[in-house]
Amino acid sequence: MAATGAKAGADPGERIILILLVVFTVLVAALPVARLLLAGLAPGGELDLSVMSEAWSREATRRALWRTLVTALGGTAISLVLGTVFALVVTLTDVRAKTTLIFGFMLPLMIAPQVTALAWIQAMGPGSALLRLIGLAPAPGTPHPLYGAGGIILLLGLHHAPLVFLAVRAGLRNLPRELVEAASASGASPLFAIRTVILPLMGPALTAGAGLAFVSSIGNFGIPAFLGIPAGYTVLVTLIYQRLSGFGPRVLPEVAAIAIVLALLAAIGLLAQLRRLRRDDARTTTLSAAAPGWSLGRHRVPIEAALWAFLGLVVVVPLLALIATSLVKAHGVPLSAETATLTHYAYVLFEHGATGRAFANSFTLAGLAAFILMAASVPLAVLADWRRSRVANVLSVVAEFPYALPGVVLAIGVILAFLRPLPILGISLYNTAWIILIAYLARFLTLAWRPVAAGLAQIDRGLDEAAQAAGAGFAYRLRTIAYPLLAPAMAAGGIIVFLTAFNELTVSALLWSSGRETLGVVVFSLEQAGESTAAASVAVMTVAATLALMLIGSALARRLPPGVLPWRA
Amino acid sequence: MLRLTAALVLALGLAFGAEAQVAGKLTLYTSQPDRDAAQTVEAFKKRHPGVAVEIFRSGTTEVMNKLQAEFTAGDPRADVLLIADAVSMERLKADGRLLPHPGADLSQFPAEAHDRDKTYFGSKLITTGIIVNNKATMTPKSWADLLKPEAKGQVSLPSPLYSGAAAIHMAALSAIPSLGPKYYESLSKNGAVAVRGNGAVVTQVAGGERMYGFIVEFMALNAQKKGSPVTFVFPTEGVSAVTEPVAALKTAKNPAAARAFIDFILSKEGQELAVAQGYLPARRDVKPPEGFPPLADVKLIPIDVPAAIRADEANKKAFADLFGG
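For the record, the sequence lines run as chains A and B. Reading the first sequence from the start, the letters are residues 0 to 568 in numbering that gives the first Met the number 0. Reading the second sequence from the start, the letters are residues 0 to 324 in numbering that gives the first Met the number 0.
Calculated directly from the structure, the hints in this document are not laboratory data. There may be inaccurate statements among the hints.
[What the hints assert, rightly or not] Calculated lysine to aspartate or glutamate pairs in the EDC-like style (CA-CA distance at most 20 Å, straight line):
| no. | chain 1 | residue 1 | chain 2 | residue 2 |
| --- | --- | --- | --- | --- |
| 1 | B | Lys224 | A | Glu337 |
| 2 | B | Lys24 | A | Glu350 |
| 3 | B | Lys225 | A | Glu337 |
| 4 | B | Lys188 | A | Glu58 |
Construct all of the structure, not just a fragment, from the sequences and the given hints.
See below:
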């Protein structure tokens, strides 16, 4: 009878691991969010909306809310169009070099938004070293074309288009093949089939992708910080940041009240995503549906040329501009053989102490977060799936929230929870790197968990049950069955966590302390201080590191469950 | 008299004793531009090779708020501060956060340069005027000129929510009758935008995105020297000024090194380095950098410190509402 229910076979090791996971999730994910709600809604311990109403009575706050909606909805619209078109072409037709096209299209998502913003600023401005090189720079005295709403919308749209692409591509893969074949058989042209059969079926995928792009847009810090602050165009996330850095910790209740409204906005987008989550269970959908592979015929070359030109324009040109700025002697000077110099690289690497520290900090924090989360995601997935633990299932849903919520919301919760010295211990985590690590663990747990859960679904549960029947304890089975078999999926999750944490700014912009800077913070501080050339040098190095890691991930891809690396979708 | 001499001898002894044996880690919080701060620390370490210095650099307002959060957390990390303005120092002093340095050698400094209780010491004179791109159609002569139609959408300001000099500047201009508190409102109506730091203003004006900006003079003059197409203007109403004071914190973990750092900043060598970086030194026996007009010709807008402290919060809120943030 022992084998009939997982519960009956629970051994002490299993219970201890489950309790550890519960404590971990509550401490890093639930506590900060609860602290935030308390500060914003009940600062004195009981419900008191005075902070909330005061924060929202200010013109600047309401203006920022409006601008958040405008930029996020505008960005989402661009993402929807780009992501859908790209997914349709790449998935349904016979264009060549799909892997490379997808890699290029996913790149904006993997590169830090603040780096993207910096690159575009350099590419398009009157001071653009690149445009000056070819004599196309805007006239002096024209404001930067990207500063303000238009630029923010454009870059949010480009940055999050890959999210829509992933959702639509996943949807297309599950497209019932018979319907498309029936349409073709009755004489429908591919475009007609797309309009009348395929797109209507993509409704849930489009909603999910749009929801994800919207939530990511309202929470994005790097893009509105670089393109909005210099134009006085403030959205909620940058408002929160500027309030905190301009007025200090005494405005924490006020920013908590603003953050709660931001979280509510995110909840709207989240609802759209939850539909996708239910549909994404690999075991309920058929993997057999094959894309039609329509031949483009004589249109193939022009369409391919358009795709490559698009990638060149939105990916390659900004990066070239970034490189050009990192090489130019002084800002505003045109790049030429005489003005090219490596001194900015030498400066940030050898003289500017913060950059060296930031590389070490970001590597350590991202590495630790990846390692801890890889280790934690396997027992969580095993308990939730193979062992059917209801608690573990709830935990895996709770773990979604810190990732889905805007990073700034989590960061404020973490400050509120850990700024004052801890009870009993009497030390504060605020001045340490630990507070950033806690936020990373909370925020990225779900990123590590998803590929592991996908990998687990492909492994026969009978292995675990057989070992259990033979008397192996839970911890022993984890070590000998789950960890070795899931190693590639863990590595994929680890790489994604590492890349995301390595390029992260939103959380660390609020949580860093002196000596604990992250790379995102250094790029942002240098740009704020007007050191564009130095900021560009650091940014170029982070892009190089990101690319290297993505390629390492690609090299592992053969051993991974399909779809766990977004740039190999 | 005897007591005074004894105190002097003791102070000198302490100073020299400290000089001989400072070592360990020193954490500096500063609003100096990254490159200047790195050079300052490099020069300090030549004198005190045993000290490892960690720099945290941001705008004065942000530095102050970072400190405030650290006070709340109960573990301030800074040993020594080198920030833009005396008003911020006065607030720290009022909260009892500053460690006096009675042994500081102030013989070459004017009396008004430092705090009477020797908690903080002005090290330079940094004025805020106007930076102009050389392609601009109008050369402004006064602050009021920036409200003209020619400057519409062309003015870039550093934010008091980030920069200490910008906060003082706002207090100073608001106190001038001809400009008054409405001045910033009019600027905002004329399409002026706020960036974060002074450095970002230089980037915008040198890069040609905007034609005019409020700027601390040394940054404009340095950019000019490097070849950027900009000019610095001393407006007719006068310029506001900050003194970039240096101070040790009472909670300093390495007070000896913190005092040695103050001594270095105030030393002839330290002041000469500041001159090389383009700053106007506070010391009388150090010559100002080339290209500076004689100080007697520069009209300084006086600043009422207690009034500036009182108005600070309201000014910043008003600024945030006008310019975002």
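Enumerated hints in conflict with the structure, sorted upward: When the structure is compared with the hints, none of them turns out to be violated.
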